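Undergrad: If you want the building blocks of each chain, they are given just below.
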Amino acid sequence: MTTRGSRPARAGLGNKARQEFAGWIFISPVVLLLGLFLLVPVLMAAWVSVSDWSGQGSPLSSDVSFVGAENYTRILFGGGLDTQDFGTSLRNNLYYVVLVVPLQTALALGLAVLVSKRLLKARGFFRTAFYFPSVTSSVAITALWLFLFNASGVVNKILSWVSIDGPNWFSDPRGVLHLLLGVVGIDTAPPALANGEFLGISWWEWLAGPSVAMSAFVLMAIFTTSGTFMLLFIAALQNIGPEMEEAATIDRANAWQRFRYITLPMLKPTMFTVITLGLIGTWQVFDQIYTGTQGGPAKTTLTPAYLSFNAAFNQNDWGEGAAIAFILFAIIVFFTLVQRWILRDRDKVTSTRDPRATAAAVEAER
Amino acid sequence: MSTTTEATPQETVVGGQAPTQRRRRRPLGSSGWSTYLVLALLALIYIMPFLIQVATSFKTEPEAAVNPIGLIPHNWTTAAYERLFKHSDYALWTMNSAIVTVFVTLGRVFFDSLAGYALARIQFRGRSMVFVLLIAVMAVPGVVLLIPKFLVISQLGIYDSYVGMIVPLLADAAGVFIMKNFFESIPPSIEEQARIDGAGTFRTFWSIVLPMAAPAVMTITILSFQGSWNELNHFIVSTQSPRLTVLTKGVAQLVSGQLSQGTQYPLKLGAAALMTIPVAVVFFVFQRRIMNASAGAVKE
Chain A
1 MTTRGSRPAR AGLGNKARQE FAGWIFISPV VLLLGLFLLV PVLMAAWVSV SDWSGQGSPL
61 SSDVSFVGAE NYTRILFGGG LDTQDFGTSL RNNLYYVVLV VPLQTALALG LAVLVSKRLL
121 KARGFFRTAF YFPSVTSSVA ITALWLFLFN ASGVVNKILS WVSIDGPNWF SDPRGVLHLL
181 LGVVGIDTAP PALANGEFLG ISWWEWLAGP SVAMSAFVLM AIFTTSGTFM LLFIAALQNI
241 GPEMEEAATI DRANAWQRFR YITLPMLKPT MFTVITLGLI GTWQVFDQIY TGTQGGPAKT
301 TLTPAYLSFN AAFNQNDWGE GAAIAFILFA IIVFFTLVQR WILRDRDKVT STRDPRATAA
361 AVEAER
Chain B
1 MSTTTEATPQ ETVVGGQAPT QRRRRRPLGS SGWSTYLVLA LLALIYIMPF LIQVATSFKT
61 EPEAAVNPIG LIPHNWTTAA YERLFKHSDY ALWTMNSAIV TVFVTLGRVF FDSLAGYALA
121 RIQFRGRSMV FVLLIAVMAV PGVVLLIPKF LVISQLGIYD SYVGMIVPLL ADAAGVFIMK
181 NFFESIPPSI EEQARIDGAG TFRTFWSIVL PMAAPAVMTI TILSFQGSWN ELNHFIVSTQ
241 SPRLTVLTKG VAQLVSGQLS QGTQYPLKLG AAALMTIPVA VVFFVFQRRI MNASAGAVKE
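Sequences listed follow chains A and B, in order. Straight run, no breaks: the first sequence in the UniProt record's numbering ends on number 366. Straight run, no breaks: the second sequence in the UniProt record's numbering ends on number 300.
Hints listed in this document are in silico derivations from the structure and should not be mistaken for laboratory results. Watch out, some of these pointers could steer you wrong.
[Stated by the list, open to error] Away from chain A, derived, C-beta distances all over 10 angstroms, residues of chain B:
no.	residue
1	V38
2	T78
3	K86
4	D89
5	A91
6	Y159
[Stated by the list, open to error] Heads up, simulated SDA-like pairs for lysine to any residue below, C-alpha to C-alpha not over 25 angstroms straight-line:
no.	chain 1	residue 1	chain 2	residue 2
7	A	K121	B	F50
8	A	K16	A	V31
9	A	K16	B	F286
10	A	K121	B	V285
11	A	K16	B	G126
12	A	K157	B	L44
13	A	K157	B	V54
14	A	K268	A	I342
15	A	K117	B	V209
16	A	K299	A	R74
17	A	K121	B	F284
18	A	K157	B	E191
19	A	K16	B	R195
20	A	K157	B	I72
21	A	K16	B	M129
22	A	K121	B	E191
23	A	K157	B	I122
24	A	K16	B	G198
25	A	K299	A	L180
26	A	K157	B	I47
27	A	K16	B	L44
28	A	K268	A	V113
29	A	K117	B	F286
30	A	K157	A	L179
31	A	K299	A	T83
32	A	K16	B	R203
33	A	K121	B	Q287
34	A	K157	B	F284
35	A	K117	A	L264
36	A	K157	B	P62
37	A	K157	B	T60
38	A	K16	B	P187
39	A	K268	A	S116
40	A	K16	B	S34
Computed from a predicted model, the values in this text were never measured in an experiment. For each residue, glycine too, the CB sits at the ideal point set by N, CA and C.
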């Protein structure tokens with residue numbers, strides 16, 4: 001503004017208009033692309049989820065009709081196979097989320113604290129080792145996991161060294177909680193749990209826990225994502241700086257007290273980010289299931305994301321597929337809000353000025 | 001890298017802080033050794049699977065089944081790789097992945113930085129609205145888009161084509177976000193200088209600001225490369241024909257046994273190991289930038 005006086009006449013109002021024009025030119029490719037391939041699709045799928053489109057022709061053509069909430073009610077309250085499958089997929093994914101999110105967060109934090117020790121030698125090596133699984137594709141990792149966890153695979157070999165007879169992981173549909181209950185002699189459902197049901201499957205089935213097959217996927221998720229989240233924690237730990245800790249050391253706080261009362265509270269914003277990204281990611285397991293088990297054995301690795309894909313692309317039930325996707329979306333929003341509420345106050349997200357931290361966050365979202 | 005020669009004021013500040021952070025090194029005490037022990041064990045768990053993977057790909061099938069752990073094959077063989085290239089479309093998949101990755105990466109770097117610059121610096125009506133929409137878009141889970149993306153792509157008539165594979169991936173909201181944040185950290189006085197000299201908005205962006213944003217551009221490049229190379233579900237919903245199969249899709253089909261019978265672990269693990277090499281190379285070349293805060297990759 002201060003320079004305007006010295007400039008030729010065209011720099012007056014024209015300059016502002018030119019800025020306006022340039023702004024829109026700069027932003028338009030992104031707006032166009034995201035609008036076309038994100039916004040329009042979501043609106044279109046919203047329509048499909050309340051229509052009877054069968055995958056033939058355009059979903060916007062006149063022979064496709066509005067069926068209201070029919071697709072949704074069939075999935076949620078129909079009681080048939082659709083409801084059962086959805087209930088099963090929800091159960092499977094719920095155990096996956098409940099196990100993966102806390103474990104990956106704790107492991108990532110542990111790794112970050114260990115490799116952030118200022119006096120540690122070769123920390124570059126350790127960081128690289130822990131982060132490397134994160135750069136490989138989910139397809140490649142799944143291929144590896146199928147090998148490591150097969151009946152006579154590496155994991156079972158190692159277990160046999162300590163005389164444990166490992167299961168045939170990816171073909172074992174037994175629920176881990178059921179197995180544990182079996183150890184204390186409870187092999188069949190108490191009547192109260194066998195009779196009641198929710199979303200088409202009995203309470204006893206809800207209490208099955210993750211299947212052995214799903215547990216292998218749980219371990220895989222922890223293995224591949226802990227490195228990414230470790231980077232976020234490292235960035236946050238560096239922001240804290242050594243002064244705080246030194247002050248606490250002078251006050252005779254021991255290592256655990258320093259961690260519990262100084263480091264941990266200051267990591268809260270990062271913790272928030274990590275848990276949010278973890279929740280979003282774990283609720284949409286797809287690649288691994290597509291590559292590895294296609295929902296088997298006995299549907300115990302079926303997830304809502306895979307179910308949605310399968311309903312639409314393999315069974316041509318597009319309305320149902322889209323409806324499942326939107327229910328999944330609602331679940332993710334719900335869990336994120338609950339988590340926000342639990343971890344409320346000081347919910348400032350990690351310093352996004354740091355491209356590394358943002359990059360790690362972005363990477364983690366995949 | 002080139003950024004150090006074009007040090008911005010911030011970088012000078014970062015450089016100035018560095019010495020105070022480099023402190024005297026005491027040897028680690030007795031607790032230090034347990035730290036190393038824990039770390040070494042963990043590192044072994046993280047690295048071992050990949051070593052086993054590479055070793056297995058050079059084993060015969062019976063040996064892979066009998067001796068899954070051994071890191072040195074008894075009968076060293078490249079049979080798995082020969083079959084991969086002679087009896088599957090692995091080379092074609094690799095080419096497709098390379099084509100898509102190159103175009104998507106170039107496109108993202110250009111479009112994301114244009115948009116990021118506009119959001120950070122240019123005053124125009126609707127800017128805050130665009131920004132809010134961008135954040136909203138980032139919150140939509142990708143899996144929800146599986147079906148709708150297919151619908152739009154087929155409606156536009158670009159289903160099963162390179163256009164349909166590449167164009168929808170050209171912009172990503174997160175990349176715009178990273179660029180915007182970075183551009184905001186560059187002092188505006190530098191652009192004012194250029195504007196006084198009569199440079200237009202694009203000229204200012206292209207020859208003054210973008211070169212200064214090299215660290216962020218590098219970040220976007222690495223992320224886009226990894227992201228599009230590892231992308232699976234977009235290609236599941238946008239393509240059908242075998243000639244457009246990319247590595248992730250091809251290997252996923254190979255692994256799930258859609259193309260063949262039997263376990264064929266050396267073949268599958270070889271396929272997975274080969275597809276990991278490009279991202280691994282990018283990772284090891286740029287790992288200082290990814291991993292190390294003091295390398296100048298981080299502003300602030």
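Undergrad: Each hint needs a verdict: does it hold in this structure or not?
TA: Checked hints:
no.	hint	result
1	V38	violated (7 angstroms)
2	T78	holds (18 angstroms)
3	K86	holds (20 angstroms)
4	D89	holds (16 angstroms)
5	A91	holds (17 angstroms)
6	Y159	holds (13 angstroms)
7	A:K121 to B:F50	holds (24 angstroms)
8	A:K16 to A:V31	holds (22 angstroms)
9	A:K16 to B:F286	violated (41 angstroms)
10	A:K121 to B:V285	holds (21 angstroms)
11	A:K16 to B:G126	holds (14 angstroms)
12	A:K157 to B:L44	holds (17 angstroms)
13	A:K157 to B:V54	holds (18 angstroms)
14	A:K268 to A:I342	holds (12 angstroms)
15	A:K117 to B:V209	violated (36 angstroms)
16	A:K299 to A:R74	holds (19 angstroms)
17	A:K121 to B:F284	holds (19 angstroms)
18	A:K157 to B:E191	violated (63 angstroms)
19	A:K16 to B:R195	holds (13 angstroms)
20	A:K157 to B:I72	holds (17 angstroms)
21	A:K16 to B:M129	holds (19 angstroms)
22	A:K121 to B:E191	violated (43 angstroms)
23	A:K157 to B:I122	violated (61 angstroms)
24	A:K16 to B:G198	holds (15 angstroms)
25	A:K299 to A:L180	holds (20 angstroms)
26	A:K157 to B:I47	holds (18 angstroms)
27	A:K16 to B:L44	violated (60 angstroms)
28	A:K268 to A:V113	holds (14 angstroms)
29	A:K117 to B:F286	holds (23 angstroms)
30	A:K157 to A:L179	holds (21 angstroms)
31	A:K299 to A:T83	holds (13 angstroms)
32	A:K16 to B:R203	holds (17 angstroms)
33	A:K121 to B:Q287	holds (17 angstroms)
34	A:K157 to B:F284	violated (31 angstroms)
35	A:K117 to A:L264	holds (15 angstroms)
36	A:K157 to B:P62	holds (16 angstroms)
37	A:K157 to B:T60	holds (19 angstroms)
38	A:K16 to B:P187	holds (21 angstroms)
39	A:K268 to A:S116	holds (17 angstroms)
40	A:K16 to B:S34	violated (64 angstroms)
Hint compliance for this structure: hints 1, 9, 15, 18, 22, 23, 27, 34, 40 are not met, and every other hint is.
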